[in-house]
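Chemist: Given only the sequences and the hints, what does the whole structure look like? Please build it.
Read top to bottom, the protein sequences are chains R and C.
Residues 321 to 570 in this note's numbering are what the first sequence spells out, letter by letter.
Residues 160 to 227 in this note's numbering are what the second sequence spells out, letter by letter.
If you're looking for bench data, these hints aren't it; they were derived computationally from the structure.
Beta carbons: idealized from backbone N, C-alpha and C, even for Gly.
Worth double-checking, as some hints may not be accurate.
In silico contact screen, one side only, chain C against chain R (beta carbon under 10 Å); selected entries [as the list claims (entries may be wrong)]:
(1) T164
(2) D177
(3) A195
(4) P199
(5) A204
(6) G206
(7) F211
(8) S224
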Amino acid sequence: MTGSLALIWPVVTAAFLASLVEAVEALTIVLAVATVRGWRPAGLGAIAGLGALALIVVALGPLLDRVPLHLLQLVIGVLLLLFGMRWLRKAILRSAGVIPLRDEATAFAAETAELREQARRNEARLDWIGGVTTFKAVLLEGLEVVFIVIALGSGRGKLVPASVGAVAACLLVAAVGLIVHRPLARVPENTLKFAVGIMLSAFGVFWTGEGLGVDWPGADLAIVGFAAAFLAVSGAAVVLARRPKAEVLS
Amino acid sequence: MTALTNVLRELAGLFVDDGALALTIIAIVALAGMVAMLMPGVPLAAGAILLFGCLAALLSSVARSDRR
Numbered sequence: 321m322t323g324s325l326a327l328i329w330p331v332v333t334a335a336f337l338a339s340l341v342e343a344v345e346a347l348t349i350v351l352a353v354a355t356v357r358g359w360r361p362a363g364l365g366a367i368a369g370l371g372a373l374a375l376i377v378v379a380l381g382p383l384l385d386r387v388p389l390h391l392l393q394l395v396i397g398v399l400l401l402l403f404g405m406r407w408l409r410k411a412i413l414r415s416a417g418v419i420p421l422r423d424e425a426t427a428f429a430a431e432t433a434e435l436r437e438q439a440r441r442n443e444a445r446l447d448w449i450g451g452v453t454t455f456k457a458v459l460l461e462g463l464e465v466v467f468i469v470i471a472l473g474s475g476r477g478k479l480v481p482a483s484v485g486a487v488a489a490c491l492l493v494a495a496v497g498l499i500v501h502r503p504l505a506r507v508p509e510n511t512l513k514f515a516v517g518i519m520l521s522a523f524g525v526f527w528t529g530e531g532l533g534v535d536w537p538g539a540d541l542a543i544v545g546f547a548a549a550f551l552a553v554s555g556a557a558v559v560l561a562r563r564p565k566a567e568v569l570s
Numbered sequence: 160m161t162a163l164t165n166v167l168r169e170l171a172g173l174f175v176d177d178g179a180l181a182l183t184i185i186a187i188v189a190l191a192g193m194v195a196m197l198m199p200g201v202p203l204a205a206g207a208i209l210l211f212g213c214l215a216a217l218l219s220s221v222a223r224s225d226r227r
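Modeler: Encoded structure:
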């Protein structure tokens, strides 16, 4: 029981932080389309993306109950390892200065420049292009959020806390985006990705082990130990790979 | 069709960035699975392979990217 309760906050926090990163990335693209073509195509594309996402969740969600628990834990665990360690690797390389940090303001400028170039080439179709751009952004970033919620929540019946964390993050980003009308460049995205990469990787080791029949010492609390191990190794990796700013690859 | 291919490619990209890292993770899980099957009396052996294998794979992937 203690272990089960102890798992709720890590699940909510991981879902919230991971969804925050995805929502910020989606918001940057929606704002870029809104800046170039106005809120109508941007909003319609985003709403269509959310609708498609809802359809996918409604259609595929009930299938989760039909999958045997050990198989579900194994599949979700492996996907979490692939997803989490990909984030963690990138965050380490960014922290060490091996690759540049993601900058929402730069991403926003690149997206608006590309849309303007498309406008120059084909003005008539641009509303359509803008709508499709926001549709794709919301759908893809949304699918990542849905995956994170399922991955963190389905193994031990924590879908509701994971969903609460994800929805809270998306609503927060949408509200702040509507108020400031600018990309959220001040969000420390790499720090968030670093933290979430550690948490997702720790959950990935835990679920994969459970799927293979490993009886972890301390049950759910073992996740905390895994997270500490990933944090220590990631910190060491940043120090070992760190290089002067002038050497950062563009 | 192209749009669908692009979406599928982007979905695959969610899980695979460094192909070698992804393959190493799959290999570690397969090895841990074999150990769990062959040594059911020592389940923690599979767990140790999984945890330390993933940590080593992460370090190795970062070192490889750093050398490039």
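Chemist: If you check each hint against the structure, which ones fail?
Modeler: 1
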